[in-house]
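Protein chains: 2
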Amino acid sequence: MSLVLHNFFRSSASVRVRAALQLKGLTYTHVSYTLRQGEHRSPTYLSLNPQGLVPALQLEDSTVVAQSLAIIEYLDEVYPKPLLLPSDPLDRAWVRGLVHSIASDIHPLNNLRVLQYLGQELDVIEAGVTTWFRHWVAESFTALERQLADDPRRGQFCYGDSPGLADICLFAQMANNRRFEVDMTPYPTLATINTNCLELPAFVDALPESHPHAG
Amino acid sequence: MSLVLHNFFRSSASVRVRAALQLKGLTYTHVSYTLRQGEHRSPTYLSLNPQGLVPALQLEDSTVVAQSLAIIEYLDEVYPKPLLLPSDPLDRAWVRGLVHSIASDIHPLNNLRVLQYLGQELDVIEAGVTTWFRHWVAESFTALERQLADDPRRGQFCYGDSPGLADICLFAQMANNRRFEVDMTPYPTLATINTNCLELPAFVDALPESHPHAG
Chain A
1 MSLVLHNFFR SSASVRVRAA LQLKGLTYTH VSYTLRQGEH RSPTYLSLNP
51 QGLVPALQLE DSTVVAQSLA IIEYLDEVYP KPLLLPSDPL DRAWVRGLVH
101 SIASDIHPLN NLRVLQYLGQ ELDVIEAGVT TWFRHWVAES FTALERQLAD
151 DPRRGQFCYG DSPGLADICL FAQMANNRRF EVDMTPYPTL ATINTNCLEL
201 PAFVDALPES HPHAG
Chain B
1 MSLVLHNFFR SSASVRVRAA LQLKGLTYTH VSYTLRQGEH RSPTYLSLNP
51 QGLVPALQLE DSTVVAQSLA IIEYLDEVYP KPLLLPSDPL DRAWVRGLVH
101 SIASDIHPLN NLRVLQYLGQ ELDVIEAGVT TWFRHWVAES FTALERQLAD
151 DPRRGQFCYG DSPGLADICL FAQMANNRRF EVDMTPYPTL ATINTNCLEL
201 PAFVDALPES HPHAG
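In order, the protein sequences belong to chains A and B. Using the UniProt record's numbering, read the first sequence as starting at 1 and increasing by one per residue. Using the UniProt record's numbering, read the second sequence as starting at 1 and increasing by one per residue.
Calculated directly from the structure, the hints in this document are not laboratory data. Warning: the hint list may mix true and false statements.
What the hints assert, rightly or not - Straight-line distance between alpha carbons at most 20 Å, and here's what the computed EDC-like set of lysine to aspartate or glutamate pairs gives:
hint, chain 1, residue 1, chain 2, residue 2
1, A, K24, A, E199
2, A, K81, A, D91
3, A, K24, A, E77
4, A, K81, B, D88
5, B, K24, B, E199
6, B, K81, A, E199
As the list claims (entries may be wrong) - Computed list of chain A residues with no C-beta within reach of chain B, every gap over 12 Å:
hint, residue
7, T29
8, L35
9, D161
10, P188
11, A191
Beta carbons: idealized from backbone N, C-alpha and C, even for Gly.
Only chain A is shown next, with the shape it has when bound in the complex (with noise of 0.2 Å):
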């Protein structure tokens, strides 16, 4: 039994594991939930992965991993080859602060499950969830382009010139983007590494256009 990615073509956090895995050149197979169906919510999900949430990877014998960070620092440890972090800890610590600047800052608060929760329970119209999915990418955006713009750690990707996870999660989240139409003018630097990610087949290969189940 290969490896099997439970997942969303849309899901930006899929999108993550999905690159990561290519980058790794490990082959799997998807399972493919459709969120706002609830499938993901379902008893025989649930058994699988008490979260209720989306990417969940099972093993070869049969253990789930939750959690898109999770999943990838572990496929990192596991299958070293390329590495997606720094081997260097101070140097790891600087990539995971701008993965968490994306990971814990921005994407929560844009997923799904929130919008939803905006539109739905506190009756905000379109326009205001566009400006609240804009606002949290535009804080972090902001950051980001000030600590990596000058930085000599960064190369063609944030972190050298080999994409990692910081560069996976920057892509997940412009792959998000695009349906909030967010102008990256002023992120020329995020930009250009964006354009460097999707040079790579790897990335390509894990934009929600490129998911057998896309629709």
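Using the hints, position chain B against chain A.
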């Protein structure tokens, strides 16, 4: 020069780092920022931490590490006694999965800047903010209770009988919950783990009210 923690007494992410430093027996000094007064957005602080959020840890050589989870993982790598994450990759992945259920799925939605946005930008009344806060806690706590209640990896703490990163995140979230009077009746396992944390000075000393600049 010793370790310097840039933090705010009530910030949940600051509580996490204080607990981690204290569990490892590391000495540090405080620089405090009052978030409601925007002190974390001052040019001086932005020059230290371009992300403009607390906490940030300044190391002996003045290098600054941002983001609570990046700081704690760094500390765990450089000062491994006691380890806050398991040494087995799969166990570590499981603990990180618990960590992100709080650190990614609750805390980013319930911190001060987001609650302020709800009130100030979206005109959500106080009762609506409380409902929002409790909703995201309940989503993750329900899942975590389900995950932890019968898992053989759990002991007095989330993983075994020594406190670790998942306990730190749970404890910090519980400290935050007090202001919104979250009913813990549905979560007896989580409540017990928090009680076990409260028996250790390293945790008690990390609470907002223990902070030298609380007020």
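For this session: Hint by hint, work out which the structure violates, then give me just those numbers in ascending order.
Result: Violated hint (a single one): 6; every other hint is consistent with the structure.
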